[in-house]
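Given chain W's structure and the hints, the job is docking chain Y with the ligands onto it.
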Amino acid sequence: MKAFNIVIAGVGGQGVLMASKVLAESALASRMDVKQNEVHGMAQRGGSVISFVRIGAKVHSPVVLPGTADILISFEPLEALRYLHYLKPGGKLVYNKACINPSTVAAGLATYPGDVPQRIAAACPGARAIDALQVAQQAGNAKAVNMVMVGSVMKGLPIDAEVVEGVVREISRGKGEEVNMAALRGGAATA
Amino acid sequence: MKKIISGNEAIALSFEDSGGVFASGYPGTPSTETLEEVARLGNVYCEWAPNEKVGLESAIGASLAGGRALATMKHVGVNVAADALMTLTYTGVNAGLILMAADDPGMHSSQNEQDSRNYAKFAKIPMLDPADSQEAYDYVRAGFEISERFDTPVMLRTTTRISHAKGIVEQKGKVEPKVGDLAKDVPKYVMLPNFGKIKHIAVEERLLKLQAFAEESPLNRVEMNDPELGIITSGISYQHAKEAFPQASFLKLGLVHPLPEQKIRDFASKVGRLMVVEEMDAIFEEQIRALGIRVDIGKDRISLCGEVCADIVREAAGAPATSAKTQPANDLPLRPPTFCPGCAHRGLYSILSKLKVFVSGDIGCYTLGALPPLSAMHTCICMGASISAAHGIAKVNEIAGRTEKPVAVIGDSTFFHSGITGLLSMSYNAGNALVIIMDNRTTGMTGGQENPGSGRLIQGNPAKEVDMVSLVKVLGIENVYEINSYNLKETEDAIRRGLETPGPYVLVDKNPCILRYRVKKPLVQVSADKCTGCRACLKASCVALGLQGSGDKPKVAIDPNICNGCGVCTQHCKFDAMTVASGGSHESI
Ligand code: SF4
Ligand code: SF4
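Those sequence lines, one after another, are chains W and Y.
Numbers 616 to 806, taken from our numbering, label the letters of the first sequence in order.
Numbers 13 to 601, taken from our numbering, label the letters of the second sequence in order.
Bound conformation, chain W alone (with noise of 0.2 Å):
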């Protein structure tokens, strides 16, 4: 089996990387060999994030290159057209529609295009996109946006949906362990 290639971007303090770790720890809980990899330097909030997930028989490399990602995960537009490249032909795309600026645009020095969905659908025409905020709202805690993203996209995974609940579940019990279950389904209720 060739590996599955995930990628999940997003902007530091969204929780792209609760979200990777849900997906590879349901692989490892599916008896499958996993690699997932961000660069997380600097602390600070506001920053572009990109994390690989590779599931597979065996995993090499944990880096996915452009071209060959199966899914991408966005969780800002911005950041969906910057990653779209990653995708592989005929991979699929979903972002959550909330857009947050980049210092560059906050500090007047850029502008956020106007035309961001508009150019994903031009170069990805199956791009799903989805207002995970409300849905996470819905949940209970605006927070939970990352476990939307995850639930979005748990029907093209090659992992059992139940896996990914039960990991859910276990890396939350206490912690909002409801509020991610409904945001996970709610996010599932999406795709």
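Watch out, some of these pointers could steer you wrong.
Said to hold, decoys possible - Here are the simulated SDA-like pairs of lysine to any residue, each with C-alpha atoms no more than 20 Å apart in a straight line: (1) W/LYS673 with Y/GLU182; (2) W/LYS673 with Y/THR334; (3) W/LYS636 with Y/GLU182.
The hints are simulated quantities; they were obtained by calculation from the structure and are not laboratory data.
Relative to chain W, chain Y with the ligands alone:
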């Protein structure tokens, strides 16, 4: 039980499982989580040292006292610890000692791209280079065995994609920690010239023994497959090469110094094309060429700069890259890291930027003050250099008859690390710089670690808390004052006074790191009626600020999910358009 852990976590776990007794180090990406994990696991003593040299020296003491010891640091930290390392190689060890050095090819979070493998050659000591989390775990065990068997410190080298990448690890049986006797052996441990001369011979002999060990050790493994292409590699490069050419033959080095000469000769003689895949320097390639062995593909095809990936390996060997040639959109606004919303550094840099002074910077979150729109830092070299460099600048300004007084900006942790000596020099040599210490009571950039000023140990229990102002005074600085960077007017006045007063002048800001201490303040709102769209507040360079609407003069809006109410943008506004929202504190970070 199998678990998914990072290379750093694997090293910590194995340290505990391999009879580790004492660990020390200084935070530095990508090494930081190693010591944090030792503390979290909680069964072995560990501590943050104020710098890497102290960390390694304490580990040397621990080894002398009979306990297996670990010192952790990032690659540039080895430079700080090198003084100890270069003579530790002569004395050797009592109990096993491992120095973990985490390299950062690609410079994800570093000021240079130095290759720590050079240190193993330089210090003539063995070095292990794990290729995944499991090997990171296994090599700690192997490292202690090698250290004790050959009486040598061992370097365990990782790179960012080993330290931070997570993979599956299976624990091995536990070695119970046992503490041996405190060594008292003058000729072995007191490096006076006469003893040193004898020990130098021992170092060279040890290297020969290690070479023989490298030949037979399973750490260096041959995987014979298709002999057409033979790849000599190690660490993360092995994974990339394996990904690129799963069918090729490999000589996978785990012990990367000294090299197994005969094993390399044998391997080279059995393969068609010999390829060497290594990130950064041509350490293997140069040594292999020096043996008179032909390297067909090496650094002529793989850059000395940056990381390697499977496609770089493929293309170097003449195979097509598999990744589709889709180009990234390159017209998008960048999203670089910036000060957290609510961070005290924002206020300080607003003023430094306004005053257009020369700022000698240092390593920490505050280095981000160099980026636009603040653009208020003009040099940043290494830990502690801000103060010493400002001192040199001031002296030459004086010689040249220039009146400009330079400003040094440094954080508390960096000041404890190696800023103290610079300030001591400035005081002693009658310097003339303004030094601003951003004492936010944590090591912020690496994620908020404890330090001698934070009042807590790595485990979180209370510790002696060094008072910054007293410390500065004791170095002979008379002019030392506290400032509050959230108040721009006050800060500007204080900086101006510091610039006008001759001689060393120190300002200390004691506002805590809002990320580490989870400080939450009532958020600020913009009144759309009063906002004229002048954009003065955007100079605060805060991600919570944004323009709303289109037209010539879109107005500013503050994202309530992001703002942390520091009030810095408010003070930039000349039209009273920004106010603190009622309703008290909120969750923002
Ligand atoms: S981590 Fe702390 S010091 Fe660093 S930018 Fe954020 S608030 Fe400021
Ligand atoms: S929006 Fe203004 S008040 Fe809020 S965190 Fe940013 S600079 Fe501070």
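Against the structure, the hints come out as follows:
{"no.": "1", "hint": "W/LYS673 with Y/GLU182", "in the structure": "holds (15 Å)"}
{"no.": "2", "hint": "W/LYS673 with Y/THR334", "in the structure": "holds (18 Å)"}
{"no.": "3", "hint": "W/LYS636 with Y/GLU182", "in the structure": "holds (18 Å)"}
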